[in-house]
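Asker: The chain contents come next:
Number of protein chains: 2
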Amino acid sequence: MANSRSGETVTERIVRVLETFDADRTVQTTAEIGRRARLPSSTAHRVVAGLVECGLLERDEEQRVRLGMRLWELALRGSHALRLRQAALPFMERVQARVREHTQLAVLENGETLFVERLSHPHAGANITRIAGRLPLHASSSGLVLLAHGPEELRERVLAGPLEAVSPKTVTDPALLRRVLAGVRRDGVVVAPGTVEAVSTGVAVPVREGRGRVVAALSVVLPRSTPTGPAAEALRSAAAGISAALGARRP
Amino acid sequence: MANSRSGETVTERIVRVLETFDADRTVQTTAEIGRRARLPSSTAHRVVAGLVECGLLERDEEQRVRLGMRLWELALRGSHALRLRQAALPFMERVQARVREHTQLAVLENGETLFVERLSHPHAGANITRIAGRLPLHASSSGLVLLAHGPEELRERVLAGPLEAVSPKTVTDPALLRRVLAGVRRDGVVVAPGTVEAVSTGVAVPVREGRGRVVAALSVVLPRSTPTGPAAEALRSAAAGISAALGARRP
Chain E
1 MANSRSGETV TERIVRVLET FDADRTVQTT AEIGRRARLP SSTAHRVVAG LVECGLLERD
61 EEQRVRLGMR LWELALRGSH ALRLRQAALP FMERVQARVR EHTQLAVLEN GETLFVERLS
121 HPHAGANITR IAGRLPLHAS SSGLVLLAHG PEELRERVLA GPLEAVSPKT VTDPALLRRV
181 LAGVRRDGVV VAPGTVEAVS TGVAVPVREG RGRVVAALSV VLPRSTPTGP AAEALRSAAA
241 GISAALGARR P
Chain C
1 MANSRSGETV TERIVRVLET FDADRTVQTT AEIGRRARLP SSTAHRVVAG LVECGLLERD
61 EEQRVRLGMR LWELALRGSH ALRLRQAALP FMERVQARVR EHTQLAVLEN GETLFVERLS
121 HPHAGANITR IAGRLPLHAS SSGLVLLAHG PEELRERVLA GPLEAVSPKT VTDPALLRRV
181 LAGVRRDGVV VAPGTVEAVS TGVAVPVREG RGRVVAALSV VLPRSTPTGP AAEALRSAAA
241 GISAALGARR P
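Line by line, the protein sequences give chains E and C.
Position 72 of the first sequence, counted from 1, bears residue number 72 in this note's numbering, the numbering being contiguous throughout.
Position 147 of the second sequence, counted from 1, bears residue number 147 in this note's numbering, the numbering being contiguous throughout.
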């Protein structure tokens, strides 16, 4: 891979440019991209022009830049995330029809919880997660499921800290977190009141693929006052359905 | 952008590698990728290694390669496609609850119909479209909506042909296609029996953003024998809802 004088590859610079886009910054000038990616102006212009040329970025009428549909297409059409999400969606809809709150699907990505799907009821309560958004593993109910069933080495690294408090109720004590994770593996469900937002309780269950490996966490976010039993039951039933769907040859 | 001896940029080679993945090839060896991308073996290994390094590709236990969750995340979190799709999903669910067949959302991408969302009823009939899949503009009901409301220059280019027949009922006569497109603009709905698959009828309506520009097509795929009136009505109502949702400041 061609290296710049800084030793950084073109691929790394492309990733840095793409990273400057998020839900609050879907359109930017090349100068803004360069500043946020900490790239020299000439480099930013060259990388952006190359990405526009290939359709991975698009320019609008005012020459501002946004992520291209081509990037979206390349990222999705051959992706495991899409397969998982397509298998899960019908079951997530059933959960949502019963629970009428936020229903979410999350995976483990580079040591964090990455949300790959979210259905929201129009009258559902507070919830800070977004599709393609992240949270630390120890904070949310989904993350606790993924951490409990994730690689031993990752679990020990997270337990070694630091354990950031996302809310005053986030579990930040390593010994307590270790007991919580053992409980998750034993009970097959996490109930996490207030660990992300004080007003909400997360309820999450593991989603297993054919051979039993946990590949995702399925969760709902309820107001703190709502009983969690019916949601846990709906999630368990949905997770079983998703596992069966993933076991079939085609999603 | 660093150029290879062939004059191709690193960005172009990255796109060629990503293009080798699709719904039927989610996992490949580097040798397979190189062959499909028509890249020399050493180049393929270098490009793949760079993409794995940045998380855009991932290796499994057998050293085979698949699209990385990081690519999925970068492509989605700042994307217009996600915003459109999140605005549309609740309304698509209502359509599907009423029509109980395939409900789809498509956009115009580089002169083709790109499907960005699809909901399928368990007992729905035949439908060849896939999320992140494409069809020629003149073939499907969604494409006819996008073509009718797309740039004049694109419409003339498509009308100049060649007009490929996806099924025996695809409109391939330029004069007839021109009349069909005028009808789409006049009626605000397309009913396309058998133009993609002989057994199915596509029904599609335009989705407009705040200022009235058509940004997507919303469609259902029905068995040929099903009356199209109720579906057209459900689609019109949903398209109005999506337009209102897109007009709001945040999806």
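Note that these hints are calculated values from the structure, not bench results.
Hints are supplied without guarantee of correctness; some may be wrong.
Claimed, not checked - Label-pair distances were calculated between CB atoms; the ranges are:
1) Arg59(E) - Ala31(C): 32 to 40 Å
2) Gln63(C) - His45(E): 46 to 54 Å
3) Pro223(E) - Glu156(C): 53 to 61 Å
Claimed, not checked - From the structure, some residues in chain C lie toward chain E, with a derived Cβ separation under 10 Å:
4) Ala23
5) Val180
6) Ala182
Backbone N, C-alpha and C fix where the C-beta goes; we use that ideal spot for every residue, glycine too.
Asker: None of the hints should be skipped; say for each whether it holds.
Answerer: Tested hints:
{"no.": "1", "hint": "Arg59(E) - Ala31(C): 32 to 40 Å", "result": "37 Å, holds"}
{"no.": "2", "hint": "Gln63(C) - His45(E): 46 to 54 Å", "result": "37 Å, violated"}
{"no.": "3", "hint": "Pro223(E) - Glu156(C): 53 to 61 Å", "result": "56 Å, holds"}
{"no.": "4", "hint": "Ala23", "result": "6 Å, holds"}
{"no.": "5", "hint": "Val180", "result": "25 Å, violated"}
{"no.": "6", "hint": "Ala182", "result": "27 Å, violated"}
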